[in-house]
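Trainee: Going line by line, the protein sequences match chains X and C.
Using this note's numbering, you'd call the opening residue of the first sequence number 1 and step up by one each time.
Using this note's numbering, you'd call the opening residue of the second sequence number 1 and step up by one each time.
Rather than coming from a laboratory, the hints here were simulated on the basis of the structure.
These figures come from a predicted structure and were not determined experimentally.
Note that beta-carbon positions come from the ideal geometry of N, C-alpha and C, so glycine has one too.
Where hints are given, some of them may not hold.
Stated by the list, open to error - Simulated crosslink set (DSSO-like; lysine-lysine; CA at most 30 Å straight-line):
1) K56/C / K119/X
2) K38/C / K239/C
3) K56/C / K71/C
4) K237/C / K139/C
5) K137/C / K119/X
6) K193/C / K119/X
Unchecked claim - What follows is a list of derived Cβ distance ranges for each label pair:
7) P238/C / A484/X: 23 to 31 Å
8) E301/C / P314/X: 27 to 35 Å
9) F324/X / Q292/C: 50 to 58 Å
10) L308/X / R350/C: 53 to 61 Å
11) A484/X / L113/C: 35 to 43 Å
12) E347/C / A484/X: 40 to 48 Å
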Amino acid sequence: MQTPRTSRPLLNLPGWLGLPVLLFLALALFYPLGRILVLGFTEGLPVALTNPYYGLRLAWSLAYGLGSSLLCVGLALPLAYAFRYRFPGRDFLLGFSTVPFVLPTLVVAMGFLSLVGPKGVLGLNLYGTAWVLFWASLLYNLGLVLRPLVALLPALQTPLAAARTLGASPLRAYWRVGVPLLLPALLSGGSLVFLYSFTSFGVPLLLGGPRWATLEVETYYALAQRLAFPEATALVLMQLAVTLVVLTGYLRLQERLALGIGGYGSPLPLAPRQAVGLALLVWGFFLVLYSPLWNLLWRAFERPAAWLSVWNSPDFTPGSLALFNTLGFAGLALLLVLPLGVLYAYAVWRGYRLLDGLGLLPLMVSPVAIGLGYLLAYPGWRGSLLILIAAYALLSYPLLGRALLPALRAMPKGVVEAARVLGAGPWRRFVRVEWPLVQKAAFSGMALALAAIMGEFGATLTLQRPEWATLSLAIYERLGRPGALPFYEAVVLAVVLMGLSMALLALLERGFRQRGEF
Amino acid sequence: MHLARWLFGLGFVLTALLASAQPTTLTILTHDSFSLDKNLIAQFERQSGIRLRFLKGGDAGEMLNKAILSKGAPIADVIYGFDNTLLSRALQADILQPYRSPELSALRPELLLDQTFRAAPVDFGYVALNYDRAYFKDKPLPERFADLASPEFARLLVVQNPASSSPGLAFLLATVAAFGEDGYLDFWENLRKNGVRVVGGWSDAYYTHFTRAGGDRPLVVSYSTSPAAELYYSEAKPKPSEPPTANLFLPRSSFFQVEYVGILKGTRNLRAAQRFVDWLLSRPAQENIPTQMWVYPARREARLPEVFRFAAVPPEPARLAPQQIAQHRERWIREWTQVVVQGQSAEAVRARR
Chain X
1 MQTPRTSRPL
11 LNLPGWLGLP
21 VLLFLALALF
31 YPLGRILVLG
41 FTEGLPVALT
51 NPYYGLRLAW
61 SLAYGLGSSL
71 LCVGLALPLA
81 YAFRYRFPGR
91 DFLLGFSTVP
101 FVLPTLVVAM
111 GFLSLVGPKG
121 VLGLNLYGTA
131 WVLFWASLLY
141 NLGLVLRPLV
151 ALLPALQTPL
161 AAARTLGASP
171 LRAYWRVGVP
181 LLLPALLSGG
191 SLVFLYSFTS
201 FGVPLLLGGP
211 RWATLEVETY
221 YALAQRLAFP
231 EATALVLMQL
241 AVTLVVLTGY
251 LRLQERLALG
261 IGGYGSPLPL
271 APRQAVGLAL
281 LVWGFFLVLY
291 SPLWNLLWRA
301 FERPAAWLSV
311 WNSPDFTPGS
321 LALFNTLGFA
331 GLALLLVLPL
341 GVLYAYAVWR
351 GYRLLDGLGL
361 LPLMVSPVAI
371 GLGYLLAYPG
381 WRGSLLILIA
391 AYALLSYPLL
401 GRALLPALRA
411 MPKGVVEAAR
421 VLGAGPWRRF
431 VRVEWPLVQK
441 AAFSGMALAL
451 AAIMGEFGAT
461 LTLQRPEWAT
471 LSLAIYERLG
481 RPGALPFYEA
491 VVLAVVLMGL
501 SMALLALLER
511 GFRQRGEF
Chain C
1 MHLARWLFGL
11 GFVLTALLAS
21 AQPTTLTILT
31 HDSFSLDKNL
41 IAQFERQSGI
51 RLRFLKGGDA
61 GEMLNKAILS
71 KGAPIADVIY
81 GFDNTLLSRA
91 LQADILQPYR
101 SPELSALRPE
111 LLLDQTFRAA
121 PVDFGYVALN
131 YDRAYFKDKP
141 LPERFADLAS
151 PEFARLLVVQ
161 NPASSSPGLA
171 FLLATVAAFG
181 EDGYLDFWEN
191 LRKNGVRVVG
201 GWSDAYYTHF
211 TRAGGDRPLV
221 VSYSTSPAAE
231 LYYSEAKPKP
241 SEPPTANLFL
251 PRSSFFQVEY
261 VGILKGTRNL
271 RAAQRFVDWL
281 LSRPAQENIP
291 TQMWVYPARR
301 EARLPEVFRF
311 AAVPPEPARL
321 APQQIAQHRE
331 RWIREWTQVV
341 VQGQSAEAVR
351 ARR
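Chain C on its own, in the form it takes in the complex (with noise of 0.2 Å):
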């Protein structure tokens, strides 16, 4: 009689615990590098009378298989943070209601790829390798994009694994719009060979594994506004004139990346997510991006940081078809998976197309 009345009083207290969750939460599901200003966020929050839950659900890839596998029971209101390197996989698993912002208009034309509006462009930016300058000094750096699989250059660089991460992947389409078709496989073939490394996603690769973080390598797969974002953080007194790492502009070794915003089918709360996109897209939210996620602002009129001239742009980043992307991308992840991970040849696994 105990066992039940202690069964009983479990129970109650589980169920009042689990209930007590506020109503007027929005959940917003996001990759781990996100962030904004917190005052901002209060500010928002105090206007609409919406109180913003962040959910970080891992790298992009990982974050956007989340949300799709909760298809029917979604875990978030809204996800940011997948990229155009994945919006086909977002659209085709319809798990996103369309949704027309006013502030659309005042968006960069070029970024809008989504003719549903079901996804809308918040930030776009360019996926590049990165280099510590101090440990490339009196070294030569590589001049072509091939001669990273080159033994000079073994066992210096990082990479992320374009199945869980929006700039591995970004980065495996890069190589395939340099080397083709047929060679990109050879080319991670050769990186392999030559000890390329392979971590789950950005922040692994950039904060535990680069020379700068105190890892062992000094060739990251990064952002061509890293550099800015290290003087901007810098701690060194005075603070230096220049960053302490650099852009590694391989010709066709840059990707082009748009980060987008969805609401989640079966939200209950379709207004105060609309709200929150309206606002994300709003000129205070899109100003605050480039200093707190380092990626430029979607609005055009949005103002740049002092600190942004440190951030170059590309000169001839590689482009790929929104199309082809969508259609080949889940056997490209595959064959590189096969060559890179476990190590099959490349001529073996062209073989089995």
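This is chain X alone, in the form it adopts within the complex (with noise of 0.2 Å):
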């Protein structure tokens, strides 16, 4: 017999939890998203589709994307088959894959710009080649792709062993066993890869030069060199179309992979001589890969005199007042990142199902469209800091929501109980025990969140006044300025940057176990 389902009244508890949390998402992202729409319908694309580069850019973003995505893919997965066996040094470089995905647009940037730009020290020249920008993708995401994978593999000795009994070749089991389980997992990697790259910013922006711009690069020189709105609105509307379809597949592999698979499995033991062999391969695969970053590192102490000049500099904006502006908007933006992350998880957490799917909209949006929308949307607010305190808490307070769900769907029930039945009320219950309970994790989810924040340079950009620089907006305009030295202070800066997100990731780290869902 089938029972009428009672649909839940709207504002039941979770409904007054998720309130704040939905309106400050429709005037933060659904009402500027709507001006986009509109007049990108109206006016934008009429002029875009009748011009054939703007096709061209599409075309190179997808291709961006999918390279970017299928080379993670095929590098990820032998190196995953490489983590399964201990060697010195291998939790380290697992721990370590995942971190360039939080470091700043602008340092990975001046990283390679150090490395292999045009005052590179190499003296080789990859500016304004696609190599450097895949060799970028593959840099921040690998990592992505890699730690899940190696989560995976030692689940599959199960089932494999189990095809072997039932009388498959190793072959025969491999394809009909192995390859469909990973399935979900690659494509999901490749998929979350695919986003990332697809509307990267930062990087085509500094190293590819106008032949390599994305459409989000496209966007923001329509915008802030020509004004040109309309067709900044299609360029936008392009890749949203895009980026709609490939986040619903992505949202759909992510339910089926979160059945079943949890933990890693300890290292297989391996031969001492063997161990060293496969470190050495493994550590200087990783070696060449994040070269960039040492170089940075190595290249900022070439010239101390930068490390003195920068923080004055009459030129530019000056590095102190970059970093007051980096710390100040991060402390400002967390008083708003910190009531709307806590209240979405908590409203997931009671089973508020719409909210979950709409909070994590911000992370696949695009910075730079954000910005556009606030321009078009509120028009008497441009210039205003309350602007850009919102889009900073809109993009980064999904960080510190999916850092927190894990830790509460995993607190003991009975603990809240019996609190409940000791007659403890819902604010003493949520000081006394939930918070205590949950606190590593809204810690380390709080760290995710200041380091998004810190490094955010599309927003930024886009929605910038001149006395607002921050450290990624101090660091690219001393790029492409001549002389050696507003170089090296761009180096000093990022390395400043690149710290103080790495300050954070240590606080990250000791939550880290309670992290679960990307």
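Reconstruct the complex from the two isolated chains, following the hints.
Mentor: See below:
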């Protein structure tokens, strides 16, 4: 017998908890995006569609996304097999592999410029080539595919062994059992890499030159140089259409993936000689892959004068102001991120399904589009700090929310119930019982959100006022300027920014085990 | 509970820090090439009690866009450095408020192009091609404007993007004046095929890509006064008697440029802004402009420094009527972008007009 589903009232407890988040999303995401849609459809698309150039830009963005994801998956798979074994430094490398993902784009771009740029140490100028962009994409995203794969591979052993027992040849067992089991992970990792590369901004803007501009970069050019709002919105529309299709696919895969697979199996032992050989191979690969970052550190100390001049340079934003702005804005944004992230996690935890997907959306829309949307939607607020802070909060609260959620779900129900039975009110329960239990996850989530804010580049550049220059903008300002000193000052600022993010990550790693979904 | 206290403290500190800005500071949005003598500025600050803060907003076009985008919550009190090619954009965007400075009567009348008194001329000059004399010592120079697109001079020229740079825009307008509405796109298509390099702004072109600065391009779009500036700043001992660079005055390849100052609507320091404009047009500041920004002062009786005898005035600069510029500028920039940056053919772009 079928029981009629009673639709729950919209404003039960999770509804009330989620209301501020929905309200914020409406104001900070949906309304501005709506304005983009309207302008894009009415004025922008006719212009953009008659211009073959934008078709080429779309094609390149797609090729960049697709190429990056194939590259990452293609390299992550053999690496994941290497990581099944125990070798010196294995855990460190595995842990480090996702660190570049949270490094500010400007830091990574500076690393490449200092190694293979026009002023690079190698004397090899890859600036303006597609090679450097694919390399950067690999450096950024490899860990995103690698880590889930390493976690997944041990779980394949039992089904594979079962297939063998039932008489399948190794190849056949792998083809019929292993590959289907791996496929969702490969596809989901691949589509995540696609999303990040397809919408990437800082790296192609700084390293690609006009020839390899992605849609995101082209949007910025149209806006900042020509104030061509309709064209910019049309480009955003093209990008949004692709992103939504891939994102939907990704979320589907995520649901399938969430089943069954958990935890890292312990690595297999290896004879000492083989272990050393494997270590050399894997370490060599990662040293080359990350060489732009090592090089950046090295070059920061090549010209000590830059460490002094950068704080008070007369021609550029002084480093001290940029540092002050970066920390100040991050602090202000945190005042919004904290309630939004906590409310989001609580509402979803208590079963507010609608918010679950919606709340993820900010991670997937492009920061330049957000900036453009704000300029269109709130012309009276152009150039006000509130707009920038709202953009920061929007782009980073899901990171806190997603970090908090697994911790909430893992909370022993009995403890909370016991507190309730013993007479504790909701607020008291939250402060005395729930908060201490999820505190660690909350801090790591905050660190992640803060790192994202401090390195933010696209929205900052779109919404900026010159006196608000953050570290990212102060680096950007110094690039492409004459002389060696501005270049070295940019290197110094990039190292400072990297240091800040790493310090936050150290905080993040403390609560790492409680972080689940990315 | 610790968290709440921590957050409260953080919020308090931030508000205190953000509120500690000085009340009598006047902010002036300028392009990257802005420069005036520090002593002169300090003197003005002492006499007026107004602290000046200069905000560099990129090249002229980019700077003006920033001012337009922040309309309503202006990022500065005064904007200096938009020129006659951008004047109509500034006026149409309605970001300036009128101010009839008493100093206007002392300025050259031909520069007073804005009848609504929202933009006051500060200086003028000529955007012109410059070349590196050392490079062309035993090589022939281009003789006609169209020669720049011939294979003989392939990959020698660096220009600025007219979408973001005012000398870049001035040079684009010169090509429109020289080759006409239809011909200018063909000229640019040929230039592109001939390997012209496009960069964002003047300082990037001159200080990074020009051979004098260690770049690989011996031809650059700059100013007619740049050779004089080269000599003035020369650190060679003894000082050379001639500049290391020279103007390349191909017929109609130079463009007359006037730079303006305006008070941004919504300023809270109107009196101070007006005093600053008066001061910028006064004789001491005007006489400081030539050797700081390498343009001619707008004030009639301002004396020119001695080194300006090396700054020649182009014999036949290109001219376009202000209304014509206002009417077609955006389309010219768009078409230029399609041909030069996006690599489309001039014919295809014209066909879509």
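Trainee: Please go over all the hints and tell whether each is borne out by the structure.
Mentor: Verification of the supplied hints:
no.	hint	in the structure
1	K56/C / K119/X	25 Å, holds
2	K38/C / K239/C	25 Å, holds
3	K56/C / K71/C	17 Å, holds
4	K237/C / K139/C	27 Å, holds
5	K137/C / K119/X	28 Å, holds
6	K193/C / K119/X	27 Å, holds
7	P238/C / A484/X: 23 to 31 Å	27 Å, holds
8	E301/C / P314/X: 27 to 35 Å	32 Å, holds
9	F324/X / Q292/C: 50 to 58 Å	30 Å, violated
10	L308/X / R350/C: 53 to 61 Å	55 Å, holds
11	A484/X / L113/C: 35 to 43 Å	41 Å, holds
12	E347/C / A484/X: 40 to 48 Å	44 Å, holds
In the structure shown, a violation is registered for the earlier hint numbered 9 alone.
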